[in-house]
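Generate the whole structure from the sequences, applying the supplied hints.
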Amino acid sequence: MSTPRPTSQSARPTGRPTAELRFEDVTVRYGSARRGHTAVDRVSLTVPPGQVVGLVGESGSGKSTLARAAVGLAPLTGGRVLLGGAPVPTRGRRRPLQMVFQDPYSSLDPRMTIGDSIAEAIPPGPSREERRAEVARLLELVHLDPDRAAVRPGLLSGGQRQRVALARALAGDPQVVIADEITSALDVSIQGAVLNLVRELQRELGLSMLFISHNLAVVRYVASHVAVMRDGVIVEEGPAARVLADPHHDYTRALLAAVPGTRTPRRTP
Amino acid sequence: MAAQRTRQPTRRWRQVVRTPLGAGASLLMALVLLLALVAPMLWTDQADAVDTGNILAGPSAEHWAGTDNLGRDILFRSLVAARLSVGLALTATAIAIVLGLLLGTAPMLLGRRLGRLVTASVDIAVAFPGLLLALFFAVIFGVGARGAVLAIGIAGAPSFARLVHTLVAGVAARDYVAAARAAGVGRVRVLLRHVLPNISEPLIVNATIGAGGALLSFAGLSFLGLGVQAPQYDWGRLLFDGIGALYVNPAAALAPGLTVLLAGLAFNLFGESVAKGLGVATLGHLPERRSAGPATSGPPTIRAEEPVVAGDDEAPVLDVRDLWVSFPGADGPVQPVRGVSFAVRRGEAVGVVGESGSGKSLTALAVSRLIEEPGRVEAARLQLLGADLRTGSERAQRQLLGTSLAMVFQDPMTSFNPTRRMGGQLAEVARQHQGMTRRDAFGRAVDRLAAVRIPEARRRAGQYPHEFSGGMRQRAMIGMGLMGSPALIIADEPTTALDVTVQQQVLDLLQAIREADDVALVLISHDVTVVGEVCDRVLVMYAGRIVEDLAAADLATGAAHPYTRALVAAVPDMETDLEQPLAVVPGRPVAPGEVPAGCAYAARCPLADDRCRAEDPQLASFETPDHRVACWHAGEPIPVDGPREPAPVDPVELVEVDAP
Amino acid sequence: MTTANSAVASTPATPTSGPQAGPGGRLSSALTHHWVRFAVRRLARLLVSVWVLVTASFLMIHLIPGDPVRGAMGPTAPAELVAARREALGLDDPLWVQYWDYLRGLATGDLGTSLISQLPVADVVAQRLPATVSLAALAFLAAVTVAVPLGVTMGVLTRRGRGRRTELAFTTSSVVLATVPDFLLGVGLVYVFGVQLGWLPVAGNVGPEAYLLPVLSLAVGPAAILARIIRVEMVTVLEADYVRTARAKRLPAPRVYLGHALPNALTAALTLGGLILGAMVASTVLVENVFAWPGLGSTIVSSILNKDYPVVQAIVLVYGVGVLLVNTTVDVVLALLDPRSMIRED
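Chains as they are written, first to last, in this note's numbering: chain A, 1025 to 1293; chain B, 41 to 700; chain C, 45 to 390.
Some hints here could point you the wrong way.
Each pair of labels, with its calculated beta carbon distance range [what the hints assert, rightly or not]:
#1 Arg153(B) x Gly1084(A): 21 to 31 Å
#2 Gly155(B) x Arg1118(A): 22 to 32 Å
#3 Leu185(C) x Asp428(B): 48 to 58 Å
Negatives, chain A to chain B, calculated, CB over 10 Å [claimed, not checked]:
#4 Arg1066
#5 Leu1069
#6 Thr1070
#7 Leu1107
#8 Pro1147
#9 Pro1150
#10 Glu1154
#11 Arg1155
#12 Arg1192
#13 Gly1230
#14 Asp1270
Selected chain A positions facing chain B (in silico; Cβ < 10 Å) [as the list claims (entries may be wrong)]:
#15 Asp1049
#16 Val1105
#17 Pro1128
#18 Ser1181
#19 Ser1213
#20 Tyr1245
#21 Ala1282
Read the hints as simulated data drawn from the structure, not as lab findings.
Keep in mind that this is a model prediction, so the values were computed, not measured.
Even for Gly, the Cβ is constructed at its ideal location relative to N, Cα and C.
Quick look at the structure:
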């Protein structure tokens, strides 16, 4: 079903089993107690091992904040983020939870070669040679020429950059990957290739994934479960097929109704 | 790899020296540094030679700038003073930079609370002028060279700290820093590997300018008698000694004055030209690549007039024939729009679809006469409501466009003037074009805001744009277009910046306006589904051309151009088959400066053959008169296995397109 | 005695009077709310700044290595005299007592006594202040009057990469003019108009025409920098989406430039401009020394050289307050021009 690529390269060096990502009562507040703003309000959400959970919401719904809180980029005001039952490490070099960012034009250091950017995310241990080989393997995994490791991101298109960003996330040997709106900054003819790659990687590597997007059609294509977020609260969640076909919450219905192309197209007069 | 890392900056630095100003400044700079290095070695004896028989003499053949009160040669003293002056200035600058870097990066390293304290202290200190701080510290450290170095160095630290802080904050907000932190890279390492390299250029530029400032401040302190003390002398000290004798030997003050001025200029001009050189390299809006093939050959003069509006006697609202837009590029003009022809009938909704760089937005701006020099617009015909927009008085055109054409832009957050109230911004239109009084125009504005479903319109009219939500602003923008009585609304990506639920409201509003007043709509979007839902007819643009013109209802199944078909298939919708990979268009969209010969899409097209690569197909009728396609293989089936997976390696060959 | 005191005491009044003189009655409640928050925050910042300033000026005398009194009176002064003077100045008291006395003195307008002339410092300041204030104010006015029209015109002429040569000529000459330090320009002007031509007085405040050269020396550099900043901001603003909107409304060009672009360019320029204008207050020190101007600037230099620390302390304080006043005024003007700037500071 997926693209017929040789599977030899999908062999993971450490072969770490994927684990469950669980948000328990996660709250993120910004500002003072009196004049603050609750971006994420007691959210509980589980990403089962080897599954893709799509997190849908509009701007300001708190979905990106939730992602940033998981990797330690936003401070948790309350609750826990557990990976395989243990708190997600947000200090130290081992990061089993990795994140891919929205804007590929800002997520790669313009002064670093893409090889260095990827190598930086490899946990310490391997020798220089092993790192180089690992970078080459990762580039191949995302369909980029391994010989281009010495190139700076300025020479790459948005789609290529986003693939480098995916390779960097995989370099951390993650059990779970969070993808935050990774196609919304891309041209439409390119976004399809990135979505295909996400599905391919997820299936080949058996990754667990939290896939965040404002685009319901994209989430539907990638995710097996869907959670709908609004004003910092998850209003509905369930299997993708069920939520999208038979939404229980009004807001989910409103979102679905607003997807362009779902209403009868106009006829030419 | 290391060589590769430095290559690109060197190239940009070299660009600095290439301009006449940059070359001159660099030369002057080198001269000053050389003088500081060698002058004391060469001329110390002449500068210190006392000639009591020749005190306070004016310029002569022997002493070009005269002598001082001990008969010493002013010119030589001015030259020899270079080392002490420049040396002290550089020392002070170094102190300022080190302190500035420590204070400026402290917020990042110390964490939130302590960092805030440091930032707040710097903010307070930076409000006080450097000279005042220098005087303050000069009192503490005592009069003399050492005290002055410390005073000027410490006085320069707050502004440098502020600069570093701002730059660091700018880089720290970038996702690559977040990505490195999320990958477990430590704070210090992030600072050294990601932040400092990316702010080094502005830092160096400002340090250079700062050194010039320090040099002049030093001269100032010495001039006041607070800096260097006799028998040592720097330029300021010489000036201090010379000004007393201004009436006797003006050269005694003017010579050191001029040297210090030249040295200050050297630092400042060098810094400015470096800033400018680097800035220019990062600014260029249009790619610098030369375009290959026919794109540079300019618009062809004669072209077949195509039957655009078939079977319709009524004059179209908008009639465009052979529209070209060009901008000057580094290697000749670049043409982002290349011969576009279309017409819009009364009440019709036409969608223009394309990716970034396809020329869709520029087409809209060209049609609405909003392209400014140095951009050029040419067309065989450009008519709005039958009036030729290429000729006619500016006044008459302003009136016509101001009342009959409404524009809606992409980003409602930036499209209103942030310093003026909403009501006034709308009312302005009526005052300008309908000659209304302030009161009437404001009333009309309130009425229009209500018409675009803004609740409490009167109160809202008194508010500023930042008090409106995004969707409300976009509706207000539409309301502004309705101040006149538009026959055509051109909306350029009106919903791209909005959430889906809000997008639907805006699209519904546009629809309602169309139906109520039979207003025509040109909707520009990258989103095929949006256009397919709202419009009657769709123009698909690629590389500055219309490649297909078809009924919106035919988008899903009746498209004939391989690009249109790929575009529809590449975007998942709520019916996409989950078992199949999405269709993929290999390669990337063509940038305006690099349009190849032949069909611009050939390189990405599964149907392309030699003819496609050699000859550019024209837009021609396909099956029905209303359906136009520019393709040699229009309607041919695409190979069954679909477009192949992109080659494992995408060509990586383009010049840098983004500013770092 | 009262002048210096009122300069300090009147500062808190400025920001609070801003909002009332502001946009008037048609404010939405949200905006009023922002104004109040802005006023409170700005006032707090001003008070903290004044406190820092007062404390710094107090500490100055204690940070000087060695015995300041001995330093001032010279190594030959008899030890009993030094001890007596220390006693009179209260320097032998515990630090916090001295701090308290200093604050209490400030509150009552007592700035201490000069070590050299034995005159009350407040009298010295009061006598010298007007000359400095009038000089700075005139230079301030001159700089703004020249810079704004010049910067706007240049911005319009060089928008969207037009007028490359004009831009180069303007930028280069403004860099050159901004580089010329005020005191050097002063010396040059003295030489040309005083020594060579003999047209204008070059020393002292001897009549209205005496202002011409010092004001010129003070204003040229800041005017050049300010004009340059305004040009850059104007060019940036002219690329903004809302200027395109204004053009899409088909307004005549002058209305687009002056009505839509200028206010935005000014708000952006003011942020930096405030610092530059504040710096002019301090620049008077150098220029006054060139022109033997009977203001605070020549007094502070001779006092530093004579180690007359109470006078130095007081004048530093007065300059600092002057700078803070300029900054606060600029912030209030900024808030009047652009309501977002009040919120942005949060």
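Quick rundown of the hints versus the structure:
1. Roughly 27 Å separates the CB atoms of Arg153(B) and Gly1084(A), a value that falls within the hinted 21 to 31 Å.
2. Separation of Gly155(B) from Arg1118(A) is about 27 Å and conforms to the stated range, judged on CB atoms against 22 to 32 Å.
3. Range check, Leu185(C) to Asp428(B): Cβ separation about 51 Å, and the 48 to 58 Å hint holds.
4. No beta-carbon of chain B is positioned within 10 Å of the beta-carbon of Arg1066(A); the least distance is around 23 Å.
5. With a cut of 10 Å on Cβ distances, Leu1069(A) stays outside the contact zone with chain B, its closest approach being about 19 Å.
6. Here Thr1070(A) stays apart from chain B, with its beta-carbon at least about 21 Å from theirs, past the 10 Å limit.
7. With 10 Å as the threshold on Cβ separation, the claim that Leu1107(A) sits away from chain B holds: the shortest Cβ distance comes to roughly 14 Å.
8. Non-interface status of Pro1147(A) relative to chain B is broken: a Cβ of that chain comes within 10 Å, the nearest being about 7 Å off.
9. Under the 10 Å C-beta cut-off, the non-interface status given to Pro1150(A) relative to chain B holds; the minimum distance is some 15 Å.
10. No Cβ of chain B approaches the Cβ of Glu1154(A) within 10 Å, the least distance being about 17 Å, so the stated non-interface status holds.
11. Residue placement check: Arg1155(A) keeps its beta carbon more than 10 Å from all beta carbons of chain B (closest about 12 Å).
12. Listed as outside the interface, Arg1192(A) is inconsistent with that label: its C-beta sits roughly 7 Å from the nearest C-beta of chain B, within the 10 Å cut-off.
13. No Cβ of chain B approaches the Cβ of Gly1230(A) within 10 Å, the least distance being about 18 Å, so the stated non-interface status holds.
14. No Cβ of chain B comes within 10 Å of the Cβ of Asp1270(A); the nearest lies about 14 Å off, and the non-interface call holds.
15. Violation of the interface hint for Asp1049(A) is found here, the shortest Cβ-Cβ separation to chain B being roughly 22 Å, above the 10 Å cut-off.
16. At its closest, the beta carbon of Val1105(A) sits 13 Å from a beta carbon of chain B; the interface hint therefore is violated under the 10 Å criterion.
17. Interface restraint check: Pro1128(A) against chain B, minimum CB-CB distance 9 Å, threshold 10 Å, status holds.
18. A hinted interface residue such as Ser1181(A) counts as satisfied when its beta carbon comes closer than 10 Å to some beta carbon of chain B; here the least separation is about 5 Å, so the hint holds.
19. This hint holds: Ser1213(A) has a C-beta 4 Å from the nearest C-beta of chain B, less than the 10 Å allowed.
20. A cut of 10 Å between beta carbons decides the hint on Tyr1245(A): the least distance to chain B is about 4 Å, and the hint holds.
21. Taken as an interface hint, Ala1282(A) checks out: its beta carbon lies about 4 Å from the nearest beta carbon of chain B, inside 10 Å.
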